[in-house]
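Protein chains in written order, with the working numbering: chain R, 1 to 347; chain H, 1 to 281.
To be clear, the hints were calculated from the coordinates, so they are not data collected in a lab.
Please read all numbers here as calculations on a predicted model, not as lab measurements.
Heads up, a few of these hints could be off.
As the list claims (entries may be wrong) - Derived EDC-like pairs: lysine to aspartate or glutamate, alpha-carbon spacing no greater than 16 Å straight-line:
no., chain 1, residue 1, chain 2, residue 2
1, H, Lys90, R, Glu251
2, H, Lys90, R, Glu189
3, H, Lys90, R, Asp208
4, H, Lys90, R, Asp229
5, H, Lys90, H, Asp124
6, H, Lys73, H, Glu86
7, H, Lys231, H, Glu250
8, H, Lys73, H, Glu91
9, R, Lys250, R, Asp229
Stated by the list, open to error - One side of the interface only, derived from the structure: several residues of chain R facing chain H at Cβ under 10 Å:
no., residue
10, Val27
11, Ala29
12, Ala30
13, Glu56
14, Val62
15, Leu63
16, Asp229
17, Asp232
18, Ala233
19, Ile235
20, His239
21, Thr240
22, Ala242
23, Ser243
24, Gly245
25, Arg289
We put the CB at the ideal spot given by N, CA and C, even for glycine.
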Amino acid sequence: MADKQVSPLHQADLRPLLRHDRNILFVLAAACFALALMSVSVGSGGPLHQLWQSPESMQGLVLELRLPRVLGCMLAGALLGLGGLIAQALFRNPLADPYLLGTASGASLAVTMVYAAGLGALPLPWLMQLGSVFAAFCGAWLALVLSLLLVSNRRPGDVEKHVSLLLAGVVVALVLGALSDLLTHLRPELLRYRLAFVLGQTSLLGWDAVWPMLLALALLLMLTRARADVLDALILGPHTAASLGFDMEKEQRRLVVMMAACTAIVVAHTGLIAFVGLLAPHVVRPFVRGMHRSLMLASALAGALLLSLADLLARTLWMPNEIPTGLLTAVIGGIFLLGLLRQQLRG
Amino acid sequence: MEIAPPSPGSPLLLRVQDLALIRGAAPLRRPFSFDCASAWIAVIGGNGVGKSTLMLSLAGLLSQASGRIFVAKRSSEAGMLLPLTERSQKEKAQSIAWMGQSESINGRWLVADLVSLGRLPWRDQDNSEASGAIHASAQLWIEALGLEALWHRRLDQLSGGERQRVLIGRTLAVDAPLILLDEPSLHLDPLYQMQLSGWLAASASRGQLVLTATHDLNWALSADAVLLLSKQNAPLLARVDCQNLHRAIESEMGGAIEIRALDEQAGRRWHALTRRTVIQK
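Using the sequences plus the hints, can you model the full thing?
Below, the structure written as structure tokens:
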């Protein structure tokens with residue numbers, strides 16, 4: 001009888017569950033591929049089969065504009081989905097998103113400052129040279145460093161650090177947000193640019209965005225896979241995770257940096273796309289086992305799907321105009337969250 | 001102060017030297033020492049005296065005001081005690097298993113996956129032959145906790161008692177020589193309380209030292225020994241038969257209980273009976 005039982009100590013018996021997870025991943029990947037094909041085929045320039053005939057428009061429209069945009073959305077969505085998963089595991093909160101710890105506000109302030117320098121409001125001409133992409137990237141990291149510095153003087157070995165880290169992040173976000181508000185108050189013309197950034201848009205994704213995001217995604221997937229054990233142990237709380245052999249201070253710092261990396265690279269190219277990081281893990285959790293080894297790929301694929309879908313709708317709902325993608329993710333996200341809430345209340 | 005170990009003759013698994021906790025009742029914030037060999041020891045005391053703090057300190061999860069804690073390595077080096085501060089994270093994780101009070105869990109975890117988290121301290125070694133021996137003994141606590149019926153269930157579908165059994169299972173899966181359980185009998189049905197006691201009572205023969213912090217006096221009196229944490233007096237560690245211990249417990253509980261011997265055949269020797277207080281009109 002002992003042979004027939006499924007015991008967690010005999011990994012071989014979990015094979016049917018692993019196969020189920022792999023099936024889900026396959027379905028998600030297939031959906032991404034289908035969506036990518038569909039996205040490349042439609043757009044304000046005309047459907048693919050028409051463009052196929054003329055090689056210049058094929059090259060110009062499809063290869064230079066649509067393809068990188070679609071790929072960029074997939075990659076950005078995947079990074080956000082991964083970041084959201086790490087955030088929710090690290091902070092043990094289902095409503096956590098990768099923009100915690102002030103990275104969003106830092107990027108927003110940096111971009112506002114770049115435009116302010118461009119308008120002459122700030123006497124820092126070298127900011128214009130940086131460009132908004134690089135500035136947003138740096139701004140996100142600087143905000144994270146600030147949050148980490150605020151909690152660095154805690155007693156060593158204090159396992160509850162993540163709570164103080166969250167609070168530090170809130171403080172940093174508030175202060176940096178206030179500074180952005182100050183700039184836009186002094187020069188109201190900045191509001192347009194800041195709004196565009198804060199809403200988030202995918203229209204500027206070109207090949208120069210795709211390559212760095214692809215590298216970042218590959219690297220972060222590998223790193224997350226290496227740290228999947230810590231993410232698993234964390235669900236039992238920081239004390240239990242420490243008792244299972246993890247140096248919680250080091251691990252928390254590592255995870256925070258990984259989360260910020262996911263966010264910074266996306267935010268630099270797309271602005272603040274709402275909800276994708278928050279939602280992607282929730283979309284896949286009912287179907288995949290709780291272990292982060294399975295969950296991370298699924299969450300990344302779900303994020304890719306969500307953002308690509310939002311981008312497709314953004315381009316096609318109001319042709320030939322474009323709705324900022326961030327607006328759509330906010331609407332879709334809001335509806336999803338409502339559904340989740342109702343499900344929770346019912347059961 | 002030195003307290004006699006509960007089972008003289010067997011190798012020591014835990015040595016506490018001049019330990020003073022950072023919070024709790026006054027006697028615990030002054031240095032105290034004790035030694036333990038393999039046994040089941042119930043840690044009891046009033047609310048807020050510092051049971052959980054002591055468990056956290058012994059597990060190396062909370063710093064102490066002073067003192068040193070020595071823990072044995074795996075049974076292959078029986079008798080060798082090393083100070084906690086000189087152990088690597090991994091060695092500590094393999095030597096000490098700790099369970100806190102009612103941890104909440106997010107997400108849809110399967111019972112099998114959650115219990116297998118207890119094997120994380122062994123993640124670099126589970127392919128060796130040593131893992132075969134570990135699996136054999138696991139069957140005992142798997143049966144005692146009734147986990148076979150729960151493997152494929154999801155954690156958020158379980159009742160409080162079932163979830164508690166899963167969490168205990170996670171802790172026992174570590175297979176450490178020192179096991180610290182904080183309030184393990186909470187929410188458990190009498191059947192599982194009894195089966196857990198049965199497994200715990202065999203700790204000495206398995207070469208494990210289990211400390212269970214509990215407020216359930218009757219359950220505590222089924223242990224091999226009791227560590228009484230008092231709000232006024234120094235901690236007292238004694239075998240469960242010791243009459244001094246009984247008097248000390250009664251006085252610590254303010255005379256609200258009386259410890260009597262029960263019928264040996266009923267499976268338990270000592271029982272704490274509540275004294276009825278009659279309100280004079």
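Evaluation of the provided hints:
no.: 1; hint: H:Lys90 / R:Glu251; in the structure: holds, 14 Å
no.: 2; hint: H:Lys90 / R:Glu189; in the structure: violated, 57 Å
no.: 3; hint: H:Lys90 / R:Asp208; in the structure: violated, 44 Å
no.: 4; hint: H:Lys90 / R:Asp229; in the structure: holds, 14 Å
no.: 5; hint: H:Lys90 / H:Asp124; in the structure: holds, 10 Å
no.: 6; hint: H:Lys73 / H:Glu86; in the structure: holds, 12 Å
no.: 7; hint: H:Lys231 / H:Glu250; in the structure: holds, 13 Å
no.: 8; hint: H:Lys73 / H:Glu91; in the structure: holds, 8 Å
no.: 9; hint: R:Lys250 / R:Asp229; in the structure: holds, 14 Å
no.: 10; hint: Val27; in the structure: violated, 18 Å
no.: 11; hint: Ala29; in the structure: violated, 22 Å
no.: 12; hint: Ala30; in the structure: violated, 23 Å
no.: 13; hint: Glu56; in the structure: violated, 51 Å
no.: 14; hint: Val62; in the structure: violated, 41 Å
no.: 15; hint: Leu63; in the structure: violated, 42 Å
no.: 16; hint: Asp229; in the structure: holds, 6 Å
no.: 17; hint: Asp232; in the structure: holds, 6 Å
no.: 18; hint: Ala233; in the structure: holds, 6 Å
no.: 19; hint: Ile235; in the structure: holds, 6 Å
no.: 20; hint: His239; in the structure: holds, 5 Å
no.: 21; hint: Thr240; in the structure: holds, 6 Å
no.: 22; hint: Ala242; in the structure: holds, 6 Å
no.: 23; hint: Ser243; in the structure: holds, 4 Å
no.: 24; hint: Gly245; in the structure: holds, 3 Å
no.: 25; hint: Arg289; in the structure: holds, 6 Å
Hint compliance for this structure: hints 2, 3, 10, 11, 12, 13, 14, 15 are not met, and every other hint is.
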